[in-house]
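Student: Residue numbers (numbering that gives the first Met the number 0), protein chains in the order written: chain A, 0 to 274; chain B, 0 to 311.
Bear in mind the hints are in silico, worked out from the structure with no lab data behind them.
Where a beta carbon is used, it is the ideal one built from N, C-alpha and C, also for glycine.
Check before you lean on any hint, since a few could be wrong.
[What the hints assert, rightly or not] A short, non-exhaustive set of chain A residues, derived as facing chain B with CB atoms under 10 angstroms:
no. : residue
1   : SER36
2   : TRP80
3   : PHE82
4   : ALA114
5   : GLU168
6   : ILE182
7   : PRO227
8   : TYR239
9   : LEU250
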Amino acid sequence: MASKRHVLPGFGISMGWSVTWVSLLVLLPLAALLGKSASGGWGHFWETITDPEVVASYRVSFGISFLAALINGVFGFFAAWIFARYEFPGRRLLEAATDLPFALPTAVAGIALTALYSPNEWIGKHLESLGIKIAFAPAGVLIAMIFIGFPFVVRALQPVIADLPADVEEAAACLGATRWETIRRVVLPPLLPALLTGVIMSYGRAVGEYGSIVFISGNIPYKTEITPLMIFQKLEQYDYPGAAAIGVTMLAASLVIVAIGNRLQAWGNRFRKEA
Amino acid sequence: MASFIDFRNPPGSDRRADTAVRATAEPLWIRRILIGSVLAFFILFLFLPLTVVFQGALAKGSGVIANAFQDHDILHSIQMTLVVALIAVPANTAFGIAAAWAITRYRFMGRGLLLALIDLPLWVSPVIGGLIYVLLYGRRGYFGPWLTAHDIKIIFALPGMAMATIFVTLPFVARSLIPLMQAQGVEEEEAALTLGAGGFQILWRITLPKIRWGLFYGVILCNARAMGEFGAVSVVSAKISGRTNTMPLEIERLYNDYLFPEAFAVAAALALLALVTLVLKTLSEWENARQFEASRRVSLETTIEPLSSPLT
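Make a model of the complete structure from these sequences and hints.
Tutor: Structure (structure tokens):
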């Protein structure tokens with residue numbers, strides 16, 4: 000059995016290399032994060048992560064992200080659906096453009112969105128005359144978070160929609176179901192895990208996002224400051240334990256989000272196998 | 000009964016086909032609304048921001064762009080971006096191949112943990128990706144006193160920026176190779192082994208040609224992220240223009256100095272890189288899917304073949 004496992008050569012070098020690399024670049028620095036967060040004592044840790052300004056930043060990073068993820072859930076579902084099901088001119092272009100937020104550097108996205116939504120600019124000036132403020136307001140943070148999280152929902156859903164067997168829809172129609180009933184009771188249930196996975200992944204991305212948000216948000220304390228920005232603030236004050244405390248808090252939150260995402264994905268895979 | 004059905008759909012009429020379509024597809028007006036709303040979403044959130052970048056760069060004429068790309072600080076930021084990418088991309092490509100090889104070829108203890116750690120930079124905030132290195136190598140970090148005593152600068156200098164970039168781009172190559180190599184299996188490699196090929200011969204002659212499109216896909220994504228990274232690098236860079244600014248950091252500096260045309264000129268260069276990346280990525284996805292299909296067909300044929308083989 001033991002010899003069967005290592006038939007191909009290179010086990011030592013490939014595993015040794017990857018484990019060393021990951022240990023030096025991920026594991027050791029993460030240990031430093033945990034160590035530093037504890038080095039200021041529990042009191043300092045708690046004081047930092049419950050500081051009113053930091054707590055206000057949770058509302059932005061975790062609250063507005065949630066709204067953005069829901070909006071992406073709706074439009075991501077529409078986009079994945081029309082990509083998988085409809086044929087129309089420009090479909091392939093839209094499909095390829097879906098990943099633009101992955102490819103476009105966040106700083107570029109940041110200044111582009113700011114230019115678009117600032118008062119006196121493209122869209123901003125029309126909204127301004129209606130009394131709507133987007134740049135340098137929470138709505139701007141929302142826009143940036145929608146931008147950055149959009150591809151996740153489409154990418155999670157599209158293959159699952161493409162795999163949906165057509166015969167169950169035909170059967171439902173033969174049995175007298177209206178199209179809406181078929182969608183609601185036959186099509187949507189097997190898509191639900193993938194949809195939720197996409198939404199939670201887009202949520203996770205928006206929670207940690209920095210570059211595309213800091214330009215458009217204006218970084219107004221208690222209003223549009225995001226949690227990653229708080230880490231910068233602590234570092235500038237040379238408060239390493241404080242910065243690490245916020246880092247650990249964010250890491251723990253992201254870990255929970257990812258764990259939920261993985262469970263949803265596993266649930267979805269089981270769903271697909273049973274179907 | 001038959002007359003009832005015929006009453007609604009007389010044989011040979013178009014309405015029968017029409018009903019079949021209607022039962023398994025949405026009405027035309029709903030299709031139109033769906034396509035229209037998605038198109039509006041794309042224009043508002045993806046195409047307009049992209050247009051704004053190029054428009055912003057060209058707003059004050061092409062002379063500004065020409066001047067911008069002769070400016071010493073901007074040129075230096077381009078150089079920094081290239082240097083950082085030249086360190087991070089080859090390093091993570093080599094790592095990605097090694098990790099994918101280890102994970103898909105062998106079962107060992109801690110394999111799941113290794114996979115989880117490779118994925119970690121994908122979901123953790125990039126700012127944390129910079130922070131962890133400051134805590135290790137910064138002035139008040141764990142190795143700070145030792146590094147200061149030996150006059151070695153990591154944070155606020157190139158080594159720190161390279162490390163933070165390696166961290167955020169760590170998953171890309173490994174992640175694009177693992178599913179591909181898992182699906183392709185090891186039959187060819189094992190055959191080469193029985194024919195007497197050595198480890199590096201197998202890697203160079205069998206595995207690398209097999210995975211080249213997946214590898215290409217991973218490398219271009221890794222490169223795009225390495226050149227465009229902002230959050231992680233901005234923690235570990237001193238942000239001194241002409242010294243430690245990469246292109247994204249230089250964009251921030253120019254933007255905050257109200258040098259908008261210059262900021263957008265640099266941004267347009269990075270946006271072009273993003274567009275090229277998207278095109279190459281889409282092409283390699285198609286090629287990958289084609290090869291995936293082909294390798295599946297081949298493996299189907301090989302399992303069927305023995306049945307009709309003259310030996311049996």
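Student: Are the hints correct? Go through all of them and say.
Tutor: Taking the hints in turn, this is what the structure says about them:
Checking A/SER36 against chain B by beta carbon gives a least distance of about 9 angstroms; that is within 10 angstroms, so the hint holds. With a least beta-carbon distance of about 7 angstroms to chain B, the hint placing A/TRP80 at the interface is held under the 10 angstroms criterion. At its closest, the beta carbon of A/PHE82 sits 9 angstroms from a beta carbon of chain B; the interface hint therefore holds under the 10 angstroms criterion. For A/ALA114, the shortest C-beta to C-beta distance to chain B is roughly 5 angstroms, which falls under 10 angstroms, so the interface hint holds.
The interface hint given for A/GLU168 is met, as the beta carbon of that residue sits about 5 angstroms from the closest beta carbon of chain B, less than 10 angstroms. Contact between A/ILE182 and chain B, as hinted, is supported at the beta carbon level, the nearest pair being about 8 angstroms apart and thus within 10 angstroms. The closest approach between the C-beta of A/PRO227 and any C-beta of chain B is roughly 4 angstroms, which is under the 10 angstroms cut-off, so the hint is satisfied. Taken as an interface hint, A/TYR239 checks out: its beta carbon lies about 5 angstroms from the nearest beta carbon of chain B, inside 10 angstroms.
Proximity of A/LEU250 to chain B holds as hinted, the smallest CB-CB distance being about 6 angstroms (cut-off 10 angstroms).
This entry satisfies every hint, going by the numbered hints stated previously.
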